[in-house]
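Colleague: Below, each chain spelled out in residue letters.
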Amino acid sequence: MSEETKKPAGKKKFELDPRLAEYRGIWVFIEHERGTVHTVSWELLGEARKLADKLGVQVAGVVMGAPGEDTRRFCQEAFYHGADHCYLMEDLLLKDYRNQPYTKGMTDLVNAYKPEILLLGATTLGRDLAGSVATTLLTGLTADCTELNIDVEIRSLLATRPTFGGSLLCTIQTLNYRPQMATIRPRVMAMPKRDTSRSGGITEHKLSMIETDIITKVLEFIPDENTNKVNLEYADIIVSGGKGLKKQENFQLIWDLAKVLGAEIGATRPVVQSGWVEAVRQVGQTGKTVRPKLYIAVGISGAIQHRVGMDASDVIIAINSDPNAPIFDFATYGIVGNAMTILPALTEAFRKELSARNAEAVAA
Amino acid sequence: MNVNVEEKLFQNRYKVDHGRPHINIIDPVVCTSECKTQQCTSVCPANCYKAEGNGSISLITDGCLECGTCRIICDDFKNVAWEYPRGGYGILFKFG
Amino acid sequence: MEKFDAIVVGAGPSGNAAAYTLAKAGLSVIQIERGEYPGSKNVQGAILYSDALEKIIPEFRDEAPLERHIIEQRMWVLDDDSYIGTNYRSDAFNKAPYNRYTILRAQFDKWFSEKVSQAGALVICETTVTDLIMDGNRVVGVRTDRENGDLFADVVILADGVNSLLAKKAGFHPELNPGDVALAVKEILFLPQETLESRFNVKEGEGVVIEMIGKITQGMMGTGFLYTNNESITIGVGCMLSDFKETRMSPYLLLEKMKAHPAIAPMIEGGEMKEYTAHLIPEGGLKAMPQIYGDGWMIVGDSGMFVNAVHREGSNLAMTTGRLAAETVISLKAAGKEMTSPNLSVYRAKLDDSFVMKDLIKYKDMPGVFHANRQFFTTYPELVNKAAHTMLTVDGVDKKTKEREIFKSFTRSRSLAGLVGDAYKMWRALR
Amino acid sequence: MIHIVVCIKQVPDSAQIRVHPVTNTIMRQGVPAIINPYDLYALEEALRIKDKFGGFVTVITMGPPQAENALRKALSFGADDAILVTDRAFAGADTLATSFALASAIRQIEKGMPVDLVFCGKQTIDGDTAQVGPGIAKRLNLELLTYISSIVSVNTEKKEIVVQRRSEGGVQVLKTRLPSLVTMLEGSNEMRFATMPNMIRAARTTVKRWDRVAAGIEDISKIGLKGSPTVVSKVFAPSPKTVKAEIIQTNSGEADEMAATLLMKMFTKFPHVREQLEKSAA
Numbered sequence: 001m002s003e004e005t006k007k008p009a010g011k012k013k014f015e016l017d018p019r020l021a022e023y024r025g026i027w028v029f030i031e032h033e034r035g036t037v038h039t040v041s042w043e044l045l046g047e048a049r050k051l052a053d054k055l056g057v058q059v060a061g062v063v064m065g066a067p068g069e070d071t072r073r074f075c076q077e078a079f080y081h082g083a084d085h086c087y088l089m090e091d092l093l094l095k096d097y098r099n100q101p102y103t104k105g106m107t108d109l110v111n112a113y114k115p116e117i118l119l120l121g122a123t124t125l126g127r128d129l130a131g132s133v134a135t136t137l138l139t140g141l142t143a144d145c146t147e148l149n150i151d152v153e154i155r156s157l158l159a160t161r162p163t164f165g166g167s168l169l170c171t172i173q174t175l176n177y178r179p180q181m182a183t184i185r186p187r188v189m190a191m192p193k194r195d196t197s198r199s200g201g202i203t204e205h206k207l208s209m210i211e212t213d214i215i216t217k218v219l220e221f222i223p224d225e226n227t228n229k230v231n232l233e234y235a236d237i238i239v240s241g242g243k244g245l246k247k248q249e250n251f252q253l254i255w256d257l258a259k260v261l262g263a264e265i266g267a268t269r270p271v272v273q274s275g276w277v278e279a280v281r282q283v284g285q286t287g288k289t290v291r292p293k294l295y296i297a298v299g300i301s302g303a304i305q306h307r308v309g310m311d312a313s314d315v316i317i318a319i320n321s322d323p324n325a326p327i328f329d330f331a332t333y334g335i336v337g338n339a340m341t342i343l344p345a346l347t348e349a350f351r352k353e354l355s356a357r358n359a360e361a362v363a364a
Numbered sequence: 001m002n003v004n005v006e007e008k009l010f011q012n013r014y015k016v017d018h019g020r021p022h023i024n025i026i027d028p029v030v031c032t033s034e035c036k037t038q039q040c041t042s043v044c045p046a047n048c049y050k051a052e053g054n055g056s057i058s059l060i061t062d063g064c065l066e067c068g069t070c071r072i073i074c075d076d077f078k079n080v081a082w083e084y085p086r087g088g089y090g091i092l093f094k095f096g
Numbered sequence: 001m002e003k004f005d006a007i008v009v010g011a012g013p014s015g016n017a018a019a020y021t022l023a024k025a026g027l028s029v030i031q032i033e034r035g036e037y038p039g040s041k042n043v044q045g046a047i048l049y050s051d052a053l054e055k056i057i058p059e060f061r062d063e064a065p066l067e068r069h070i071i072e073q074r075m076w077v078l079d080d081d082s083y084i085g086t087n088y089r090s091d092a093f094n095k096a097p098y099n100r101y102t103i104l105r106a107q108f109d110k111w112f113s114e115k116v117s118q119a120g121a122l123v124i125c126e127t128t129v130t131d132l133i134m135d136g137n138r139v140v141g142v143r144t145d146r147e148n149g150d151l152f153a154d155v156v157i158l159a160d161g162v163n164s165l166l167a168k169k170a171g172f173h174p175e176l177n178p179g180d181v182a183l184a185v186k187e188i189l190f191l192p193q194e195t196l197e198s199r200f201n202v203k204e205g206e207g208v209v210i211e212m213i214g215k216i217t218q219g220m221m222g223t224g225f226l227y228t229n230n231e232s233i234t235i236g237v238g239c240m241l242s243d244f245k246e247t248r249m250s251p252y253l254l255l256e257k258m259k260a261h262p263a264i265a266p267m268i269e270g271g272e273m274k275e276y277t278a279h280l281i282p283e284g285g286l287k288a289m290p291q292i293y294g295d296g297w298m299i300v301g302d303s304g305m306f307v308n309a310v311h312r313e314g315s316n317l318a319m320t321t322g323r324l325a326a327e328t329v330i331s332l333k334a335a336g337k338e339m340t341s342p343n344l345s346v347y348r349a350k351l352d353d354s355f356v357m358k359d360l361i362k363y364k365d366m367p368g369v370f371h372a373n374r375q376f377f378t379t380y381p382e383l384v385n386k387a388a389h390t391m392l393t394v395d396g397v398d399k400k401t402k403e404r405e406i407f408k409s410f411t412r413s414r415s416l417a418g419l420v421g422d423a424y425k426m427w428r429a430l431r
Numbered sequence: 001m002i003h004i005v006v007c008i009k010q011v012p013d014s015a016q017i018r019v020h021p022v023t024n025t026i027m028r029q030g031v032p033a034i035i036n037p038y039d040l041y042a043l044e045e046a047l048r049i050k051d052k053f054g055g056f057v058t059v060i061t062m063g064p065p066q067a068e069n070a071l072r073k074a075l076s077f078g079a080d081d082a083i084l085v086t087d088r089a090f091a092g093a094d095t096l097a098t099s100f101a102l103a104s105a106i107r108q109i110e111k112g113m114p115v116d117l118v119f120c121g122k123q124t125i126d127g128d129t130a131q132v133g134p135g136i137a138k139r140l141n142l143e144l145l146t147y148i149s150s151i152v153s154v155n156t157e158k159k160e161i162v163v164q165r166r167s168e169g170g171v172q173v174l175k176t177r178l179p180s181l182v183t184m185l186e187g188s189n190e191m192r193f194a195t196m197p198n199m200i201r202a203a204r205t206t207v208k209r210w211d212r213v214a215a216g217i218e219d220i221s222k223i224g225l226k227g228s229p230t231v232v233s234k235v236f237a238p239s240p241k242t243v244k245a246e247i248i249q250t251n252s253g254e255a256d257e258m259a260a261t262l263l264m265k266m267f268t269k270f271p272h273v274r275e276q277l278e279k280s281a282a
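Chains as they are written, first to last, in the numbering used here: chain Y, 1 to 364; chain X, 1 to 96; chain B, 1 to 431; chain U, 1 to 282.
No lab work stands behind these hints: they were computed from the structure. Certain hints may be false.
As the list claims (entries may be wrong) - For lysine-lysine, the following DSBU-like pairs were computed, each having C-alpha atoms within a straight-line distance of at most 35 Å:
no., chain 1, residue 1, chain 2, residue 2
1, U, Lys111, U, Lys50
2, X, Lys50, U, Lys244
3, U, Lys279, Y, Lys352
4, B, Lys399, B, Lys350
5, U, Lys265, Y, Lys193
6, U, Lys208, U, Lys159
7, X, Lys36, X, Lys15
8, B, Lys287, B, Lys203
9, B, Lys364, X, Lys15
10, Y, Lys54, U, Lys269
11, Y, Lys246, U, Lys269
What the hints assert, rightly or not - Quick list of simulated restraints, FRET-style, between CB atoms:
no., chain 1, residue 1, chain 2, residue 2, range
12, X, Glu7, Y, Thr107, 46 to 52 Å
13, X, Glu7, Y, Ala279, 22 to 28 Å
14, U, Ala91, B, Gly336, 40 to 46 Å
15, B, Asp80, U, Lys241, 35 to 41 Å
16, B, Arg348, U, Lys208, 44 to 50 Å
17, U, Lys241, X, Asp75, 43 to 49 Å
18, Y, Leu55, U, Lys208, 57 to 63 Å
19, U, Lys208, Y, Lys193, 56 to 62 Å
20, B, Glu246, U, Lys241, 42 to 48 Å
Don't be surprised by glycine CBs; every beta carbon is placed ideally from N, CA and C.
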């Protein structure tokens, strides 16, 4: 990709190739694994709705999977979240995600029904599929977007994404190619309101493939719970401790909280250097860059070296005795006080809250 | 005047050799009980040496500029074991 | 195992000069550099003096990454909120070939190293030499931190910089004394080219150097400096390590205070800081110079204390020592002689004949004078600033009275004998 | 003997690109070029397979002449051959055009020796599209294995490979045939420290340079700017984050009360955090 700001070639005079004009509507790939839809798909339906209204077109969900109740239910949910229509492809070959049948299915659907925009979540699955589909269709793909917009006049998707390690943003357009494809990061688009009064039609399409066509076989799935590897980069919840905890013994309080939350443990450079925890847990400039949904920073001042490794977290809770600590400049919530008293209280509060919920779930 | 050297060091480029600090305090007890001046804690231009409050000194070499100051000013006790980082690691100047 | 004619440790100015000269003469040379690329571990002000490089690569001006040639030199003596100074600016400095340039070492050294490779030397980066390999008293090679990392050669040229760990480990010379090295810290601040040129009253390619002494070093023996690069300013301050040790002054705090000085702050305003560096400068002069050759080895550049602290010269001495060491090896090779200590003593003779030794001998007493006489960094800056202030304030007092006041202020702070003595000491040291 | 092609890219060290905190302008000065860090995991994995089964590793990159440095470094780690695909006609290529050019070059490599495996990094740090690997696989009809965290086994006789692939919430164990294309996940291994003989060999090796024709490309509409569906219309600095933390305060100031208040506020405003916690804690 070029670093320079390029003007889209002849933007003023831009005219869409008439053969591409028949491509209409916005599609969202409904990603699901093991019975649940990834929330990014609903977020994308919400975003697609807004874009579609600007273009005056329909929003469609694409549901692919093994035949069963789930796929129908997912279509229904897609309507509730903003889809006008769904394309459903059911086949036993689509039971677990594999690149080959999913690529084949998706490209067939696109070639048959011609959407102008195709959106997928920037998950491992979504990015794997999007790359293959875009290359097969010989169209453009903008990965990992954080913002979408439309140039209505030329019906062009303006896809904005972080570049150069997140220090810059760039906006990318796919002009004379269709569909315009983008993968979008989870949790950057707002979750739409679920509206059960909505409904829509379903178009079914067959996958023209048989198992023997597919070379890659799924032997097994190993859930992360079953592995003991420190996996900070992919952790959804992280509890991190800094030198503000004073002593290695006090770090136990971090472990206690993490246990209740099912969280990973992170740490600052000085903590790692002091040998309180392993080096693989270091977050920051010379450690890991993390993007969890919840990051709890305890006794961490928030020096720039640590900040760059974690400030993309969704929600940051900071606990520090110094009200002027820089961490409060960018955290979501702050508690000023002694970690030794606040940590146990917080652990207890989470325990109550979560066990109450789990009890409810069990009762129901 | 309050100067945050961490902000300065953040502008620099480093390739940290995790788990292999190139500088070590030979005998921490010497710092705690014999060295009264602990000049390394204020003269190190990257603030790698920190007085821990209880008399001991902690050393974190990640921000080291590899100048050699700490080793030379510890001439009273010669308590700093100073080597170059492994090839390619450590500070990497962009302008020098 | 392959054996080379020469191993050069380090790819700074001295190492590059040596490796280039050797390779150009057709010798098999391997050069080991510990940085990711040549220059990535190197720090200098940085002013390049053309003469030394011209003798090695005459056409360097057409290729080397040079920032600005210097057309103006300012010398400032600073008090807490004022300075008195001299400027020398001459159009003669604007006539090619230029004599002095500002450079950015990371870029310059990379270029120099490419020349070394093109000349035929093997340049191996990202590799730290950990030890010298000895055969009795003779150096026969180096041990590196890589697997199968031993290398062998007829002669090893140590261009490993001021810390000179290898020679120390081998027992060739003792640890540096805090009184013989200065610690300098500096920052590079980026400014738009037009802003910089209008601020310093220069045209494209022209540059200004400001050397400073006085209160900015908080009583320590040292100097400050400001150099203009193409679209950046280098600003720094350096003082003797022995003074830092004694005062326990923080170097970055010292730099920050200097940057805030009312005479300096407007010049760097709006500059975007992109790098902060620290480096030692060997300033012990002739008296601190170690043994610089022996059986199978030679020392060049900073690692041999080849710095003229008074004139802020170092890289030119480095390049010259590197070149002369290489020429020594080349002539011994040509004569079929071994790289023994007596044979390598030609290196020392060549140095004695050059400006390197002549200058080091001339200024051999300077470090001592400054160490023993703090008034050069404390009292005098204050006095001369006060004197200027007195003379330039129009307040109805006649000039004669003002002169008397100034004289009195000098003698009050320092006896007449002291003043005369200082002048004599300076004269002796500079003679 | 197994022949592995590793695709690498020379990129600016993006961690060194800064946005000035006050002026919010982009500071690019002095940003060094490095091997895309994700590609090192691919290269190391390829070298490990070579160590285990014997083989030949060819590294390839498309880029300007200076990208030779990246290839030389790859050679020093132990790669056997290096090819720099460089031509002015490639300028302005996006991921689709890049995968076309690299796929074409790999076809040329195959003429000398059949290719069993192609390795790529997960993505680049300057583009982050994670699309060139899948693109090459598609064009060369290789089995695509993305986000691979571990190579479980390679059967050189049966031409089969078993890998672990990262997916949401766990790893898939996949078995497929060779030739295939693997994109390696970060952290899956650690790049070795090159040996001195390899360093010397790399310094002495001449890196092969292929232009468009040598890379077997006839149709110039498929490469460079022309072959790129996407255009970058704007590059800009993000607006700095200015919202400060909401400091939790309660009447009593007791820890229990503050903790409870915090949870209430957070769960109201960020229901997805609660959902996640219920999932993780269970």
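Colleague: Holds or violated: 46 to 52 Å for the Cβ distance of Glu7/X and Thr107/Y?
Modeller: This hint holds: roughly 50 Å between Cβ atoms.
Colleague: Can you let me know if the beta-carbon spacing of Lys241/U and Asp75/X is within 43 to 49 Å?
Modeller: The hint (43 to 49 Å, Cβ to Cβ) holds, given that Lys241/U and Asp75/X are roughly 47 Å apart.
Colleague: Between Lys50/X and Lys244/U, does the CA-CA distance stay at or below 35 Å?
Modeller: holds, 29 Å
Colleague: If you draw a straight line from the CA of Lys265/U to the CA of Lys193/Y, is it 35 Å or shorter?
Modeller: Holds: Lys265/U and Lys193/Y sit about 20 Å apart, inside 35 Å.
Colleague: Holds or violated: the 22 to 28 Å window for the beta-carbon distance between Glu7/X and Ala279/Y?
Modeller: holds, 24 Å
Colleague: Holds or violated: Lys279/U and Lys352/Y, Cα atoms, limit 35 Å.
Modeller: holds, 15 Å
Colleague: Mind checking the hinted window 44 to 50 Å against the Cβ distance between Arg348/B and Lys208/U?
Modeller: Since the Cβ atoms of Arg348/B and Lys208/U sit about 47 Å apart, the hinted range of 44 to 50 Å holds.
Colleague: Take a quick look at whether Lys287/B and Lys203/B sit within 35 Å of each other, Cα to Cα.
Modeller: violated, 42 Å
Colleague: Does Lys159/U lie within 35 Å of Lys208/U when you go C-alpha to C-alpha?
Modeller: At roughly 29 Å apart (the allowed maximum being 35 Å), Lys159/U and Lys208/U satisfy the hint.
Colleague: Are Asp80/B and Lys241/U spaced within 35 to 41 Å by their CB atoms?
Modeller: Distance hint for Asp80/B, Lys241/U holds at roughly 39 Å.
Colleague: Against the range 56 to 62 Å, how does the distance between the Cβ atoms of Lys208/U and Lys193/Y compare: consistent or not?
Modeller: Given range 56 to 62 Å: holds, Cβ gap about 59 Å.
Colleague: Given the hinted pair Lys111/U and Lys50/U, is their Cα-Cα distance within 35 Å?
Modeller: holds, 20 Å
Hint compliance for this structure: hints 4, 8, 9, 14, 18 are not met, and every other hint is.
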